[in-house]
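Undergrad: Listed below, chain by chain, are the residues.
Number of protein chains: 2
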Amino acid sequence: MTNKNNLVITIGRQYGSGGRITGKNLAKELGIHFYDEEILKLTSEKSAIGETFFRLADEKAGNNILYKILDHVKPQLRKPSLDGNMVSPENLFRFQSEVIRSLAEEESACIIAGRCADYILSEAEMENVTLVRLFVYADMPTRIQRVMEVDKVDVKEAVRRIKKIDKERKDYYFYYAGKDWMDMTNYDLAINTSEIDLEQTAEVIKDYLRLKGYQPEEIAGSEKSEEEKESKP
Amino acid sequence: MTNKNNLVITIGRQYGSGGRITGKNLAKELGIHFYDEEILKLTSEKSAIGETFFRLADEKAGNNILYKILDHVKPQLRKPSLDGNMVSPENLFRFQSEVIRSLAEEESACIIAGRCADYILSEAEMENVTLVRLFVYADMPTRIQRVMEVDKVDVKEAVRRIKKIDKERKDYYFYYAGKDWMDMTNYDLAINTSEIDLEQTAEVIKDYLRLKGYQPEEIAGSEKSEEEKESKP
Numbered sequence: 024m025t026n027k028n029n030l031v032i033t034i035g036r037q038y039g040s041g042g043r044i045t046g047k048n049l050a051k052e053l054g055i056h057f058y059d060e061e062i063l064k065l066t067s068e069k070s071a072i073g074e075t076f077f078r079l080a081d082e083k084a085g086n087n088i089l090y091k092i093l094d095h096v097k098p099q100l101r102k103p104s105l106d107g108n109m110v111s112p113e114n115l116f117r118f119q120s121e122v123i124r125s126l127a128e129e130e131s132a133c134i135i136a137g138r139c140a141d142y143i144l145s146e147a148e149m150e151n152v153t154l155v156r157l158f159v160y161a162d163m164p165t166r167i168q169r170v171m172e173v174d175k176v177d178v179k180e181a182v183r184r185i186k187k188i189d190k191e192r193k194d195y196y197f198y199y200a201g202k203d204w205m206d207m208t209n210y211d212l213a214i215n216t217s218e219i220d221l222e223q224t225a226e227v228i229k230d231y232l233r234l235k236g237y238q239p240e241e242i243a244g245s246e247k248s249e250e251e252k253e254s255k256p
Numbered sequence: 024m025t026n027k028n029n030l031v032i033t034i035g036r037q038y039g040s041g042g043r044i045t046g047k048n049l050a051k052e053l054g055i056h057f058y059d060e061e062i063l064k065l066t067s068e069k070s071a072i073g074e075t076f077f078r079l080a081d082e083k084a085g086n087n088i089l090y091k092i093l094d095h096v097k098p099q100l101r102k103p104s105l106d107g108n109m110v111s112p113e114n115l116f117r118f119q120s121e122v123i124r125s126l127a128e129e130e131s132a133c134i135i136a137g138r139c140a141d142y143i144l145s146e147a148e149m150e151n152v153t154l155v156r157l158f159v160y161a162d163m164p165t166r167i168q169r170v171m172e173v174d175k176v177d178v179k180e181a182v183r184r185i186k187k188i189d190k191e192r193k194d195y196y197f198y199y200a201g202k203d204w205m206d207m208t209n210y211d212l213a214i215n216t217s218e219i220d221l222e223q224t225a226e227v228i229k230d231y232l233r234l235k236g237y238q239p240e241e242i243a244g245s246e247k248s249e250e251e252k253e254s255k256p
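First to last, the sequence lines map onto chains A and B. Note that the numbering used here gives residue 197 to position 174 of the first sequence, counting from 1, and the numbers run on in steps of one. Note that the numbering used here gives residue 127 to position 104 of the second sequence, counting from 1, and the numbers run on in steps of one.
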């Protein structure tokens with residue numbers, strides 16, 4: 024890797040824009056972890072934190088990094104200086120912020136979708152982390168088409184989901200980050216997927232990473248070499 | 024050129040973001056024409072249209088394409104079906120729209136900064152034109168720094184110019200396009216120049232053009248070959 028900093032790619036995305044799928048496929052191609060909103064969201068949806076911890080770990084089977092992080096942040100959560108209500112949305116957000124910062128600290132490279140990760144890591148100003156904040160969007164016809172195909176629903180339901188989920192994301196972002204989710208100035212690169220397909224979208228991202236000094240074929244390099252080291256006697 | 028369509032790159036940009044300079048340098052590198060707001064703006068600032076035509080032509084010395092276009096649109100402007108007030112802002116906008124559409128029609132490739140060109144050409148839906156709509160922006164510290172360096176002014180004056188000019192551009196865009204200038208959904212790619220320099224910004228654009236089927240080293244190809252043909256006996 025040309026750049027020695029940890030690399031964190033955050034992806035904000037309109038529902039149906041293909042941002043999540045692009046992020047997931049790209050992470051797989053690069054050999055790095057992908058953390059998406061749906062997984063992290065469990066922490067704010069479940070009042071039983073213990074169970075959520077396990078579910079989180081379970082859905083990321085073989086991902087030791089999460090266990091490490093959970094051990095690290097658990098005591099933090101129990102500090103009485105934190106809000107008395109352990110499971111208040113604000114407290115869960117603080118927990119998630121801890122998780123996100125720890126991921127950035129521990130992983131040589133990863134992709135995080137949603138969850139205000141762009142905001143949390145911008146604020147953290149971690150010197151050893153290169154942050155690439157992406158936003159993926161598309162026009163309504165494109166998004167309706169994608170939601171119909173992926174979710175197997177009709178036009179009406181696709182429109183309903185797009186409006187509902189985007190409103191939730193916008194409200195969530197405004198509540199915690201205090202900024203407009205759709206404001207491009209929150210991001211380093213905003214990509215419209217109406218005129219390009221998802222493979223091309225991944226190419227745009229990889230080209231951008233190259234510019235930032237990260238060769239896609241080497242991004243997972245340091246992790247792999249550690250694994251190799253471990254397997255040696 | 025892999026893609027046989029004419030290529031028009033429009034660049035909307037915040038003042039001090041470096042969008043104009045990037046566009047200008049890129050056009051030079053690609054061997055294509057660059058049209059910026061300041062030149063086109065003359066048409067709306069000058070009430071003497073005839074003089075403006077000459078100034079336009081004069082500042083694009085050796086650029087035959089503008090002469091051709093002006094010949095084409097002049098009669099249009101004189102049609103009585105158009106607004107009685109030849110030099111009203113709305114009429115000048117219509118004239119400029121004609122010029123922009125003609126540029127898209129005539130030039131195998133060009134870059135246009137500002138002037139709602141993205142909106143005008145989106146609306147025109149020209150089948151033989153591939154439109155790439157870019158927006159370039161940056162955070163305030165970056166923009167203040169650039170304006171101070173380029174305009175040779177102090178911080179206070181830099182901030183004043185940024186606010187004033189961006190407000191003009193925003194108002195202009197809203198007046199003619201009826202949309203928010205800073206809304207990313209108007210554009211195909213929105214690039215933040217706070218963390219990358221202008222050469223890297225140009226690289227982002229060239230990478231995107233490659234994805235759209237335009238090899239940067241071949242973009243001016245068809246024009247050159249016409250010139251070569253002409254120089255032959």
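Be careful, since some hints might not be right.
Any copy, or any two copies together, can satisfy a pair, since identical chains are not distinguished.
Below, computed lysine to any residue pairings styled on SDA-like, alpha-carbon distance capped at 20 angstroms [as the list claims (entries may be wrong)]:
#, residue 1, residue 2
1, Lys-190, Gly-236
2, Lys-229, Val-176
3, Lys-202, Pro-164
4, Lys-190, Asp-206
5, Lys-235, Leu-212
6, Lys-175, Glu-128
7, Lys-186, Thr-208
8, Lys-179, Gln-223
Derived by calculation from the structure, the hints in this document are not laboratory data.
Undergrad: So, for every hint listed, does it hold in this structure?
TA: How the hints compare with the structure:
1. Lys-190 x Gly-236: neither (35 angstroms within a copy, 35 angstroms between copies)
2. Lys-229 x Val-176: Neither: 32 angstroms inside a chain and 38 angstroms across chains, both beyond 20 angstroms.
3. Lys-202 x Pro-164: between (27 angstroms within a copy, 18 angstroms between copies)
4. Lys-190 x Asp-206: Classified as both; 14 angstroms inside a copy, 17 angstroms across copies.
5. Lys-235 x Leu-212: The answer is both: 12 angstroms in one copy and 17 angstroms across copies each meet 20 angstroms.
6. Lys-175 x Glu-128: For Lys-175 and Glu-128, neither the intra-copy (38 angstroms) nor the inter-copy (41 angstroms) Cα distance is at most 20 angstroms.
7. Lys-186 x Thr-208: Between copies, since 16 angstroms is at most 20 angstroms while 22 angstroms is not.
8. Lys-179 x Gln-223: neither (28 angstroms within a copy, 42 angstroms between copies)
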